[in-house]
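In case you want the letters, here they are:
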Amino acid sequence: MKKRDRTPKTYTRLTHPLVRDARDEPFRRATWDEALARAADGFRRTREAHGPDAFAMLSCARATNEMNYVAQKFTRVVMGTNNVDSCNRTCHAPSVAGLSAAFGSGGGTSSYEEVEHTDLVVMWGSNARFAHPIFFQHVLKGIRNGARMYAVDPRRTSTAEWAESWLGLNVGTDIPLAHAVGREIIHAGLHNKAFIERATTGFDEYAELVEPWTLSLAEKVTGVPAAAIRDLAHAYATAERAQLCWTLGITEHHNGTDNVRALINLSLLTGHVGRYGSGVQPLRGQNNVQGGGDMGAIPNRLPGFQDILDAAHRVKFERAWGAAIQPRYGMTLTDMFEAMEHGELRAVYCIGENPAQSEADSEQAIRRLAALDHLVVQDIFLTKTAEMADVVLPATAAWAETDGTTTNSERRVQRVRAALTPPGEAREDIDIICEVAARLGHDWKFADSEAVWNELRALSPDHFGMTYDRLEEHQGLQWPCPDLEVLPSSFLHGRLWESDPALRGPAAPFGLVAHDPPVDLTDESFPIRLTTGRRLDSYNTGVQSGGYASPLRRGEYIELCPEDAERYGVVVGEEVRVSSRRGVVVAPVWVDPALRPGLAFMTMHFPDEVDTNQLTIEANCPIAGTAEFKASAIRIEKLPVAAVRS
Amino acid sequence: MTAIPLGVPRRLVEFTLDGQEARVPEGATILDACRAAGKDIPTLCQGDTLTPKNACRVCVVEVEGARTLAPACSRKAEAGMEVRTDTERARHSRKVVLELLASSVNLSTTPRAAEWIKEYEAKPDRFGPDAARVDEEPRVDNDLYVRDYDKCILCYKCVDACGDQWQNTFAISVVGRGFDARIAVEHDAPLTDSACVYCGNCVEVCPTGALSFKSEFDMRAAGTWNEAEQTETTTVCAYCGVGCNLTLHVQDNEIVKVTSPHDNPVTHGNLCIKGRFGYQHVQNRD
Ligand code: SF4
Ligand code: SF4
Ligand code: FES
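Heads up: the protein sequence lines correspond to chains L and R, in order.
Per our numbering, the very first residue in the first sequence carries number 1; after that it's consecutive.
Per our numbering, the very first residue in the second sequence carries number 1; after that it's consecutive.
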């Protein structure tokens, strides 16, 4: 096996503002004054020349709620547009869209503790043991307490090893599988008729929709044995309490929202939602994806997840902020990149995101970013995206150098606290945004993060009961928490079980979604299905996790099953050319028996070494805008001997 | 149906503790009652996030009518029980335990060990200088944590934390029996060849410093470890949406180790490799 340097690039903290007069010039160090003035001038010029919608904010799902609140306020009040979004678009936007369509609220419905006291856990498209290890400890507690777990995943992951049964489905066949489970439940008469009658709509259409998905047809399409599908259907329907959890295996598809709806249908069919121990739980990938959306850093919702199209909500915010809010949705991250292509989007304020490396089809993303008139990046490192900017503003690390709050996957808002003095002249995100706002004529006086939080509390009923003091006292509180005295319930939508229709509120509609296979079809030239995911010790594009020495880290590989490795005549460590219809990378081979013939696996943790996103396809979910990271068609070729790097 | 089931309400148990009336919820241990009453009893193998193993016996108390001393950490309080925590017999037993332990194990980094040895007038040196059980060099085989079994009191906490109580990785076990028993990973291999996933949850529970963060180990070796100068700040991990709580131990504006609050509903004192060790990127300052 050839030795090669597998140490990921380490990034050094940004300590001073950087500016440049032209993109082909190197950066030079600037004073804060100059950098802020340049940032603001560019935004002003863009707005004057092309209108407010030529501006977009990429807010940060790793920063605090308070920063996200201020970032969306900047977008809406200072720039006058709703073009604000973040990387939730690349992961869990379908969960938010699917959950809100069914229940009117985009949060997971249960708490971690409930997983310890449930009877059945379905982990669908989620290798939680690697991607959400401490959540998985709660699952393991549940298993030790007698819960049974079913794992639905194309790979036999380390999560699946704990399962009673592993349903190894073909990539992109989640809807057929879910529909077959639904049909089986109905045919066995195991659906919760009383709940369906009272709390849902569209059951008859749903029953008709799933009717063709017999176990044998589903077996053919999904690759999962009929008996295993039947077993899951019966176990889920007859469990007294059941948790249905999913992650990016469900959402990162061109029809991610439909996938989410297909799973939620199963919870509606069985009444496994809105009760202690029964619920649906999307596991979030970034520390504050939940909070970023809750704070309104998304194009369709005001803080507190309040719909922009609702005039009453707009009026409330317009009064509080003294500014008009556009009565229409802004652009999603996906729309933004398309608008860059067409020259409609001219200026971007990018806080803590790294789209140049995290977007699917990364070469295209870079080309589009380069076409902007004005790019301001605020980050703790000079990322690939920051390297493309006109102005770079050094920020503090949100979790260790900043005060505030974040919201986790169980909707728990928790206090984040500064423990370190930031390096050089780095400043807190809120402080920087307010300085830019001031230069554009908006003088906001926030004494500290708590002042921001209190402004949000006053506008978001779901957060009103969460003062900093209470968050401290209770080690975080879960929303909705409208009351200053009462402690919130750990789960959502208990209302669905009320017998009084007035208390029950709107019914939850079944989602009538149809199977739609992956866009990037495998064929003779691209015979292998590539799916992507995370490893335990690394994270996203590696910018943070590259900073520590992990004994588990072995760099990027293309993982194949033993049969495929043999078929291609390749061995562990041997470098191969991996091509998709969009790009080509060279990567060494790893053999993993968790995979099946025709299925390969890679991560995007080491983009400087192997840029996996050159292979992935930008086929987006039309509702949520998430790309199909999980299903590319690729081909693998042995390299001629001379080409093997030594 | 929005109410959360609370389970059967817990009754209170009444008993006497050193002659005083004590009331604790059913299921509480004598140790819980002592701590609630502000009584200090030495403990080593007890862990607040783990099922008691009562391996060390340093916490023993006298229960009226019982033939043997009872480990306070695991014995549940019962109605009408009469417990004495500070009798001659209990003190003597603790003294012997401390003498045996301190003579065979290096307790230099065990919090409070020196204080208890003094309080109970333990004389570890009466067993002579050769009582050391393991007598081996610390094992430094990776960048994240160090194993120094000279300090191990065989309390099994790390085995439980790595095993079925929390992590379920089962990388750590006990090899050998009796006097030869010792903590190891499979085949006594380097950590890097084991199933270890570097969550550090064993380090979190180890009471003696036999397992320690490499950062702490190196600083102690260099003589720069200074707990008095350190601040502890609890914040939230930024690596995934679970939202684990991290306690950052900071000395001279550097994170020197990361622990996790034990009473937290998200983490219960546990973390994964990223939360525990993935902090360096913020302090790569030049
Ligand atoms: S290594 Fe530490 S935790 Fe493990 S048995 Fe020894 S003293 Fe206990
Ligand atoms: S410690 Fe691990 S499981 Fe917990 S939040 Fe951090 S990355 Fe997620
Ligand atoms: S602390 Fe009670 S037996 Fe060790």
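No lab work stands behind these hints: they were computed from the structure.
Using N, Cα and C, we set each Cβ at its ideal position, and we do this for glycine too.
Among the clues, some could well be false.
Here are the computed lysine to any residue pairs in the SDA-like style, where the Cα-Cα straight-line distance is at most 25 Å [said to hold, decoys possible]:
1. L:K141 - R:P190
2. R:K214 - L:K141
3. R:K214 - L:T10
4. L:K638 - L:L521
5. L:K141 - L:H117
Footprint (simulated), chain L over chain R, 3 or more residues, beta carbon under 8 Å [as the list claims (entries may be wrong)]:
6. 37-46
7. 136-147
8. 221-228
9. 265-276
Okay, the hints, checked on the actual structure:
Distance hint between K141 (chain L) and P190 (chain R) is unfulfilled; the C-alpha atoms sit about 29 Å from each other, more than 25 Å. Distance hint between K214 (chain R) and K141 (chain L) is unfulfilled; the C-alpha atoms sit about 30 Å from each other, more than 25 Å. Under the criterion of a C-alpha separation no larger than 25 Å, the hint pairing K214 (chain R) with T10 (chain L) is consistent with the structure, at around 20 Å. Distance hint between K638 (chain L) and L521 (chain L) is fulfilled; the C-alpha atoms sit about 22 Å from each other, no more than 25 Å.
Distance hint between K141 (chain L) and H117 (chain L) is fulfilled; the C-alpha atoms sit about 8 Å from each other, no more than 25 Å. Taking a C-beta to C-beta cut-off of 8 Å, the region 37-46 of chain R contributes 0 residues in contact with chain L, too few for the three needed, and the coverage statement is violated. For the region 136-147 of chain R, the assignment as covered by chain L holds, since 3 residues bring a beta-carbon within under 8 Å of that chain's beta-carbons and 3 suffice. With a threshold of 8 Å between beta carbons, the proposed coverage of the region 221-228 of chain R by chain L is violated, since 0 of its residues qualify and at least three are required.
Counting residues of the region 265-276 of chain R whose beta carbon lies closer than 8 Å to any beta carbon of chain L gives 10, which reaches the threshold of three, so the coverage claim holds.
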